[in-house]
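J.: First to last, the sequence lines map onto chains A, B, C, D, E and F. Sequential numbering of the first sequence, starting at 1, is according to my numbering. Sequential numbering of the second sequence, starting at 1001, is according to my numbering. Sequential numbering of the third sequence, starting at 2001, is according to my numbering. Sequential numbering of the fourth sequence, starting at 3001, is according to my numbering. Sequential numbering of the fifth sequence, starting at 4001, is according to my numbering. Sequential numbering of the sixth sequence, starting at 5001, is according to my numbering.
A hint or two may mislead.
Claimed, not checked - Lysine-lysine pairs mimicking BS3-like chemistry, simulated, CA-CA at most 30 Å apart:
{"hint": "1", "chain 1": "F", "residue 1": "5090", "chain 2": "D", "residue 2": "3079"}
{"hint": "2", "chain 1": "F", "residue 1": "5090", "chain 2": "F", "residue 2": "5023"}
{"hint": "3", "chain 1": "C", "residue 1": "2067", "chain 2": "B", "residue 2": "1223"}
{"hint": "4", "chain 1": "A", "residue 1": "223", "chain 2": "D", "residue 2": "3067"}
{"hint": "5", "chain 1": "A", "residue 1": "223", "chain 2": "F", "residue 2": "5238"}
Unchecked claim - With beta-carbon atoms standing in for the labels, derived distance ranges:
{"hint": "6", "chain 1": "C", "residue 1": "2137", "chain 2": "F", "residue 2": "5238", "range": "16 to 24 Å"}
{"hint": "7", "chain 1": "B", "residue 1": "1198", "chain 2": "F", "residue 2": "5187", "range": "39 to 47 Å"}
{"hint": "8", "chain 1": "B", "residue 1": "1224", "chain 2": "C", "residue 2": "2035", "range": "56 to 64 Å"}
{"hint": "9", "chain 1": "F", "residue 1": "5007", "chain 2": "D", "residue 2": "3140", "range": "42 to 50 Å"}
{"hint": "10", "chain 1": "F", "residue 1": "5243", "chain 2": "C", "residue 2": "2119", "range": "48 to 56 Å"}
{"hint": "11", "chain 1": "F", "residue 1": "5243", "chain 2": "D", "residue 2": "3187", "range": "47 to 55 Å"}
{"hint": "12", "chain 1": "C", "residue 1": "2137", "chain 2": "D", "residue 2": "3025", "range": "15 to 23 Å"}
{"hint": "13", "chain 1": "B", "residue 1": "1129", "chain 2": "E", "residue 2": "4015", "range": "23 to 31 Å"}
{"hint": "14", "chain 1": "C", "residue 1": "2117", "chain 2": "B", "residue 2": "1114", "range": "41 to 49 Å"}
{"hint": "15", "chain 1": "D", "residue 1": "3079", "chain 2": "F", "residue 2": "5187", "range": "43 to 51 Å"}
{"hint": "16", "chain 1": "E", "residue 1": "4042", "chain 2": "D", "residue 2": "3033", "range": "42 to 50 Å"}
{"hint": "17", "chain 1": "B", "residue 1": "1022", "chain 2": "A", "residue 2": "26", "range": "33 to 41 Å"}
{"hint": "18", "chain 1": "E", "residue 1": "4041", "chain 2": "D", "residue 2": "3037", "range": "40 to 48 Å"}
Because the hints were derived from the structure by calculation, they are not lab data. What you are looking at is a predicted structure, and each value in this text was computed from that prediction instead of being measured. C-beta atoms are modelled at their ideal positions from N, C-alpha and C, and glycine is treated no differently.
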Amino acid sequence: MKPGTTSAACAAVLRRDLMLVWRRRGDALNPLLFAIIVVACFPFALGPEAAVLERIAAGTIFVAVLLAMLLTLDALFRSDLEDGSLEQLVVSPHPLALLLGCKIFIHWLTTALPLIIVAPLLAQLLQLPAPVLPVLIIALALATPLLSLIGAVCVALTVGMRRSGMLLTLLVLPLIVPALIFGAGACNAAQNGFAYAAPLLWLAAWLVLSIIIAPLAAAAALKISLS
Amino acid sequence: MKPGTTSAACAAVLRRDLMLVWRRRGDALNPLLFAIIVVACFPFALGPEAAVLERIAAGTIFVAVLLAMLLTLDALFRSDLEDGSLEQLVVSPHPLALLLGCKIFIHWLTTALPLIIVAPLLAQLLQLPAPVLPVLIIALALATPLLSLIGAVCVALTVGMRRSGMLLTLLVLPLIVPALIFGAGACNAAQNGFAYAAPLLWLAAWLVLSIIIAPLAAAAALKISLS
Amino acid sequence: MHDSADEPRALLQAQSLCFARNDEAIFGPLDFSLHGGETVLIEGDNGSGKTTLLKVLSGLLEPTSGKVLLHGAPLTLAKLSHQVALLGHLPGLKLELSALENLRFATGLGGIRPGITPHLVLASVGLEGFEDTPLRTLSAGQRKRVALARLLLVPAALWLLDEPYANLDRGGIDLVNRLLDNHAHRGGAALITSHGAYAFTSGTPRRIALHVPPPAQRGEVPEERRGAEA
Amino acid sequence: MHDSADEPRALLQAQSLCFARNDEAIFGPLDFSLHGGETVLIEGDNGSGKTTLLKVLSGLLEPTSGKVLLHGAPLTLAKLSHQVALLGHLPGLKLELSALENLRFATGLGGIRPGITPHLVLASVGLEGFEDTPLRTLSAGQRKRVALARLLLVPAALWLLDEPYANLDRGGIDLVNRLLDNHAHRGGAALITSHGAYAFTSGTPRRIALHVPPPAQRGEVPEERRGAEA
Amino acid sequence: MTDFFAMHGYAAYVWPAYALFAIVLLADAIAPALARRRILRELTGRLRRAASRKTP
Amino acid sequence: MNSFVLFFHKLGSPPYFYRFAGKWLPWLYAIALVAAAIGFYGALFTAPADYQQGDSFRIMYVHVPCAWMGLFAYLFMAANGFIALVWRIKLSETLAMASAPIGAAFTFITLVTGSLWGKPTWGTWWTWDARLTSELVLLFLYFGVIGLYHAIEDRRQAARAAAFLALIGIVNLPIVHYSVIWWNTLHQGQTVNLIGPSKIAPSMLWPLLTLAFATHVYFFASVFARTRVALLELESGKDWVRALLPATQASHD
Ligand code: HEM
Ligand SMILES: Nc1ncnc2c1ncn2[C@@H]1O[C@H](COP(=O)(O)OP(=O)(O)OP(=O)(O)O)[C@@H](O)[C@H]1O
Ligand SMILES: Nc1ncnc2c1ncn2[C@@H]1O[C@H](COP(=O)(O)OP(=O)(O)OP(=O)(O)O)[C@@H](O)[C@H]1O
Ligand SMILES: [Mg+2]
Ligand SMILES: [Mg+2]
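Could you build the full structure based on these sequences and the hints that come with them?
T.: See the structure below:
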């Protein structure tokens, strides 16, 4: 008998989750459309004045991307819970934190990455000055994994519940506020011609910390809410 | 045998839905919190500069309130569908449009009204100039029932689906954009010292039309999606 | 009320009733009629279309072809009647509300039989003392009894009951049979479905059998269905 | 693998195992052991705690008191083993994926028994030709067979099966019995639960009976439970 | 005395603050007492029901 | 020492704690009330008006004790949550969950009184200053803990999940406390020092300390009252609760 190795288990989780997203690729577009619609709402709500839009562009895109991701978080473990796969993951002898880390990575890859890719389009909608765009993209690239990671911990806490949608929002948002402040702050600094490296470095440091701690916390939370 | 009158049926629906909201009053707070959190995100994202916040306050509050309501729409008929009450409503010989109208009214009363009540707080958070506040409140009072009504038609169309959350958003948002333009437009006009009566009157006219048509459309849509 | 009940016409009549989904027949042309005082059992395997038939008869679904007549007048979704009470797979009860509150809603929607109160009806289905308990804390069998209580309360002459025996213990099954007998004696009629072999105490009722469409018609044959036909 | 299997120690041992939820005991102190080659049936009414017991034995739930020993070593959520395969109420299959893809995931997670392939296993549960069909289009019975195929694939000596006969027709029940026999002959052990009266062909296995806790312990007595005890 | 209540023009800020403190903490003190009464009533009701069910 | 450990061991048993808290509760309420009365007397009558802020500074006597208590309650909740998660002590779970509502109440009072104070002194009800923001986040964290606790059916599992969240959220506490130092903002820096000299006149200080004492005592009263209720609910099947019922019912009727 040949028990599976941990790396094989991680590969299996990665492959399966990617395959599932591909099979349900219609759903995968939803967060994209949501973000686009939210961003598109603002010119309607504020009027088409370019100076105003320009000023709020980076912040609004940031908020829209985070909200769009937030709304997909709920599904991170739900289908696995409903069909019993989650039980199989937990009961497998591999480190649960590692397996969850793989799931979180796929979540980021399939929701945040497309959002980052359309960010230039969103920036265009709100007339973000072109030089700020790279900063916005780097900030998003640092902040979105943070949301995936922190969100996963909160989802793991609420996974057994019947209607967790809004509660999840309530749990995640306070924890993600600093990422928002630093990320959007970097963009605003860049837009005003100030130095923007410091907030990005803070984000990066925090991301590294989360990558280490969040999967462990998510695993612990999951064990609590499955018991 | 004494068959029930239509007015008794409406009263029954109103009473029951109110009672249900009261029993689940914890859930009823969720949209409020969501709106507050979204609004609170903007100062984080844009920085605390009062002039900027002031300029975008009305529009952002509008968008936040509409998003918060949007996320509760999904639940409008879901629990009734899941426990079979919806079937009982449809199969009752009273005009379905009227019964749905009652349900929509309770939805507005329990999600939009609290949002309108906290609007002054939200306005404070974004430093909306005090004179604009009444206009904002009137605009919200006209736009939110529109969203409840139009949303109900879309929810009725998607009620049988398993994961309708994002699809619903996509259906509703394009329909609600005009309400957003007129409502936020009136606030912006007031803020800049222009006349704001015209957009509000447009909203009011549209609301009257929707109050007449939307319940009928929702009833028709519901019959389609239940068959 | 429009048609007086003492006409010789049947309470319910199905005329070459068909229902199809995606052009696949769920049940074939059915012809039957139901008079006051009758109870009819609809039999068939899982997936043979019993629930669908009840939905068509209650007006929830439009038949693909054929007609449903109630006291001789056609019944459609646009023209429903107080004469019909449907108890589906799903009971239509709110778990957050108490039995009494649920029944009050039902009478608001469907009216109330004179000389009867929710309290009386709850007692007659064996739920005294549970009037004010939220249904969430009642067991599945007790919830089913609340749903049955609703039937006793509203002034409907035709009962359409989908699997009324499910979730009930032996006492509950007896209760359903007693309710059906009483209803028949008062001149009402009932159509009930079942795929189980429950004790039908009140004599052998008339039966309508539904058949699963031949497997060749559908691409793949689900396991259960093959088992059931073997 | 850590403990060699030919020690006299039991494969699985429960030592005064208790589990409580909200301070209500779900099952009392249980003591039993299971050796290689044995199949044990856990019996009990609805809600008597069979599923909960399997979860405790697989390490998913921490026992309130008592211990679970696997080859003499304690099993906890922090220290799980490849030796245990759990097939719960929920099969843990993805309906969007095909049988083969689902099995590949299972072997990635749990390893694979040498000399066997997913194709072979699918054939042996009667699913040749269905390898690449998404599970969504298979019937409930066929899905159950895919879940059983997983057991044959992974190198676990202890099978914990929750209601393995549910959803299966007669051929399926025979299949489960054959699989259990083979597993026992290979030296494996299995614990299976059931509340139904299924045909247990392979002789009469050892039984562990779970009892519903006395109703006095809980405020209200659910209807069904009373029925079951009458 | 009116001077005291006027707080030198800050009455509109000072008194609401003190009132809020009093009201919120009062509500906080009452809530558990109400919950306790409700639970005791429920528990006795449940016991009584269980008892009445055993007798017939 | 040994008897001390024994006392804590006994205290951990629900029936014992129920009786213990019941005995102390009236005293705690009384002490809190008396201390608050003395403190408010000092705050309103003996403390001189501030030379800069005039009488508006009297809001401090509500604002500052409540701000401290909001933080203290969170610490208390997180500490009990930690104990509950590691040692699975039921009493700690209940204590942690009982301190959430009162902590949220104190935080809420802090926010509102801060706003009321800010209007005359800073000229605005609200700015997005770091301390104000982190205090708002604290309130949301409390709401999250309470919401999570009520959203899960199994009481003990709910308590453990909420305790876990409380532990994650503890990163916010240093941000609230040190925000005035780390970021240069509108909000007042640290003015009261327990060790070393405070930057505040003694006649202004003693009512503040008295009120801080009163709110601490009230905090424990509130936590004890809620814990008693939670224990009743949690242990409703146990004999000691049953034994309680006829007697309490008689005293109510
Ligand atoms: C909404 C607005 C406000 C909020 C949320 C707020 C929050 C807080 C918090 C959380 C503390 C406790 C800090 C700690 O002990 O670590 C505090 C202390 C304090 N606040 Fe505020 N505050 C607000 C407005 C104000 C205003 C307008 C003033 C006066 C101009 C003020 C003066 C003080 C003082 C003097 C302390 C005591 C500082 C110390 O000794 O530690 N606050 N506030
Ligand atoms: N909403 C629907 N959309 C598509 N097909 C449906 C729908 N509802 C039922 N069906 C199909 O119609 C057929 C008949 O279903 P129906 O529910 O009427 O069966 P039934 O006799 O009530 O079965 P059971 O004994 O399980 O209640 C089944 O094949 C089912 O899969
Ligand atoms: N997640 C849970 N939270 C609270 N109570 C639960 C939970 N899961 C099960 N229970 C309760 O524990 C008891 C035992 O449940 P369990 O699922 O183990 O029963 P079972 O013997 O498997 O029943 P069945 O034959 O219906 O599968 C039941 O009273 C059930 O209501
Ligand atoms: Mg059916
Ligand atoms: Mg089970």
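J.: Indicate whether the distance between the beta carbons of residue 2117 (chain C) and residue 1114 (chain B) respects the range 41 to 49 Å.
T.: violated, 36 Å
J.: Is 42 to 50 Å a correct range for the gap between the Cβ atoms of residue 4042 (chain E) and residue 3033 (chain D)?
T.: holds, 44 Å
J.: Could you see if the CB distance from residue 2137 (chain C) to residue 3025 (chain D) stays within 15 to 23 Å?
T.: holds, 20 Å
J.: Straight-line Cα separation of residue 5090 (chain F) and residue 3079 (chain D) no greater than 30 Å?
T.: Given that 30 Å is the threshold and the Cα spacing comes to 25 Å, the pair holds.
J.: Given the hint that residue 5090 (chain F) pairs with residue 5023 (chain F), test it: the Cα-Cα distance must not exceed 30 Å.
T.: With a Cα-Cα distance of about 20 Å, the restraint between residue 5090 (chain F) and residue 5023 (chain F) holds, given a limit of 30 Å.
J.: Verify the CB-CB distance for residue 3079 (chain D) and residue 5187 (chain F) against the hinted window 43 to 51 Å.
T.: holds, 50 Å
J.: Does the Cβ-Cβ separation between residue 1224 (chain B) and residue 2035 (chain C) fall within 56 to 64 Å?
T.: violated, 34 Å
J.: Taking 30 Å as the top limit, are the C-alpha atoms of residue 223 (chain A) and residue 5238 (chain F) close enough?
T.: holds, 28 Å
J.: Do the Cβ positions of residue 4041 (chain E) and residue 3037 (chain D) conform to the proposed distance bound of 40 to 48 Å?
T.: Violated - the Cβ-Cβ distance for residue 4041 (chain E) and residue 3037 (chain D), about 57 Å, lies outside 40 to 48 Å.
J.: Should the hint that residue 5243 (chain F) and residue 3187 (chain D) are 47 to 55 Å apart at their CB atoms be regarded as holding?
T.: About 54 Å separates the Cβ atoms of residue 5243 (chain F) and residue 3187 (chain D), which means 47 to 55 Å holds.
J.: Check the hint pairing residue 2067 (chain C) with residue 1223 (chain B) against an upper bound of 30 Å on the C-alpha distance.
T.: Answer holds: residue 2067 (chain C) to residue 1223 (chain B) is near 19 Å, not above 30 Å.
J.: Does residue 3067 (chain D) sit within 30 Å of residue 223 (chain A), going by the straight-line distance between their CA atoms?
T.: Holds, at about 19 Å.
When each numbered hint is compared with the structure, violations occur for hints 8, 9, 10, 14 and 18.
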